[in-house]
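Colleague: Residue-level listing of the chains:
Protein chains: 2
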Amino acid sequence: MIPAPYLLYLGHSTDFAGIKTSRGLAAFRPDDCVGEFRHDDCPLTLGLPRLTIAEGAARGARTLVLGIANSGGTLGSDLVEDAAAALEAGMNVAAGLHQRLRDVPRLAELAKAKGLQLFDVRDAPANMVVGNGNPRAGHRLLTVGTDCSVGKMYTTLALTEGLRARGIVADFRATGQTGILIAGSGVPIDAVVADFISGGIEMITPARSDDGWDLIEGQGSLFHPSFAGVSTGLLHGAQPEAIVMCHDPLREHMRGIPGRKLPGLKECLDANLQVARLTSPNVRAVGICLNTSQMDPAEARDLCARTADELGLPTTDPIAFGTDAILDELLCTAPSARSTTASR
Amino acid sequence: MIPAPYLLYLGHSTDFAGIKTSRGLAAFRPDDCVGEFRHDDCPLTLGLPRLTIAEGAARGARTLVLGIANSGGTLGSDLVEDAAAALEAGMNVAAGLHQRLRDVPRLAELAKAKGLQLFDVRDAPANMVVGNGNPRAGHRLLTVGTDCSVGKMYTTLALTEGLRARGIVADFRATGQTGILIAGSGVPIDAVVADFISGGIEMITPARSDDGWDLIEGQGSLFHPSFAGVSTGLLHGAQPEAIVMCHDPLREHMRGIPGRKLPGLKECLDANLQVARLTSPNVRAVGICLNTSQMDPAEARDLCARTADELGLPTTDPIAFGTDAILDELLCTAPSARSTTASR
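Line order of the protein sequences matches chains S and R. Numbered per this note's numbering, the first sequence spans residues 1 to 344. Numbered per this note's numbering, the second sequence spans residues 1 to 344.
Rather than coming from a laboratory, the hints here were simulated on the basis of the structure. Being a predicted model, the structure only gives us computed values, none of them experimental.
Below 25 Å or equal to it, Euclidean Cα-Cα: the simulated SDA-like pairs (lysine to any residue) are:
1) S:266 / R:277
2) R:261 / R:311
3) S:20 / R:130
4) S:261 / S:250
5) S:114 / S:80
6) R:266 / S:132
7) R:266 / S:267
8) R:114 / R:92
9) R:266 / R:308
10) R:114 / R:82
11) R:266 / R:324
12) S:261 / R:274
13) S:261 / R:281
14) S:266 / S:294
15) R:20 / R:42
16) S:114 / S:59
17) S:266 / R:281
18) S:266 / R:270
19) R:261 / S:129
20) S:266 / R:273
21) S:261 / R:207
22) S:261 / R:135
23) R:20 / S:130
24) S:20 / S:82
25) R:261 / S:273
26) R:112 / R:74
27) R:112 / R:98
28) S:261 / S:303
29) S:266 / R:134
30) S:20 / S:256
31) R:266 / R:300
32) S:266 / R:274
33) R:261 / S:206
34) R:266 / S:282
35) R:266 / R:294
36) R:261 / S:274
37) R:261 / S:136
38) R:261 / S:138
Work out the full structure, taking the sequences as your base and the hints as a guide.
Modeller: The following block contains the structure:
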């Protein structure tokens, strides 16, 4: 576990896409974020107090989170400089970049000398095993998508919060670097060796018998030719009782592949259910989540209503309109939940 | 490329499953194998001359191939001793074990001192990129299976030889350690990072315009809950014009998972075609290959005939009965091959 509270790093970033990990932490772990660190040329803010490294340490920050993405995922000299300053001030450092913190001798030596930790959240865990698909106890929901980056993590987190608000035990299970920093644990499923995709998911969602839910962050899409293998292993390892499908209605082509159309919603839903049935024969779709952040609210509501009609499933933007309709569907229709729903 | 000819290592092995890599080389690269090396307690033979390390070197062997599997995939002291002797005698050493040759200091130092190479064929290549699924020129066939270890590699090699025997340019594209040693190159697709499954296959089967065929060794099964992610990425990366499905009629449950039934042949074929269509909309199934090595020949022929009737596809045991029926189907019905078939 990565020690909280955090100081969130924005550095010299100039666009919101580049700070998505820091942004995710500010959105979903606000109580654990003491402030943001940015240089004078960074025009962005997460709405948190702007602090220097020393001020962050003085306010109790235990970890500087390098929650940014840069071209190539490398640790430039400015990042190393700022990470070293955090270590000098007594903070741990966490990052999800391709280049590992521990591979920078200066940081490795400094952390050792100070008795602090470097967290490379893209590291796959050691001692992984292959999945087996054997039935296991517990309620599990997986988010799937028509494409990459259509809101699966936000949806999963929103559903987790929604269940908790109803007094139901619910745990977010992270599979990507931002999610892992938000949850404090997880498996970076795109970074494990191919044989261990489903096994990695089985590992982070073991059998549970407390009537609580594991809400598992999906990755990729069965219809993305780069990443469908990951999505397939995720479906099999998750053994989900329920799936929620996420979609970006304004996406013009599959991410990174100009000219390749997105699948139809019905086609995508059917394919996900079919693949999921290998390890979860009674899997059910319980809702559709649309990312309507760039749409007019009235249009967005209208699109949700039309989509719900077409697919016969509750459809919402989980951030704009909440998750209640999906949670109602989940708790009433998930077969193994039905017996306990009446008492809730 | 791993320098041939080879001296094949059997060591202290006592069962045929344990020497499958050496066996594959003896079967498919006989002209490149000068002999076999085994200790006195090894009751097995590949029918090659039994040679000491020194005799192997004297007969021109350039590489000792540790073509064995042992529990845990580790390099025991006996293996290290024999590998060191080969290096001392001037041979390179190749292995596909989990533990890497280069991680044994004695072997690494000896190889360096002698100017020889250590080949760890389970290493994924550096600088991998994600797949894109964009259409590319060339004829490609992929073998798929109802399960792991049902004869996909043998089938792929037999089809390659069959095409060559008809005067057609054909290249075997290896995706597993035995296949890579047989081919001399390839990508160990179960060992690449999950994001690069389809990209790894695109890399080893680039566009070709010589009217020749790439025959791609399949892995796993869409119906194996441990490895379906790998099989999915392989289908997308291969972008196959044709698939051949392999099956072991005597297999009682999915490999390694007691109690899990194999899929039906029709169900498995349909699922593979559906997944393949994402990057190869006109993909066709051109045959079924049954491993009948443990069956009575008359029963085997009868089963092939019944399976052919049921599925409407040529069905054979490629080792026992050859591949002609499948090659006829491939060369007559593959849409982009049709125009050139008449002249063959």
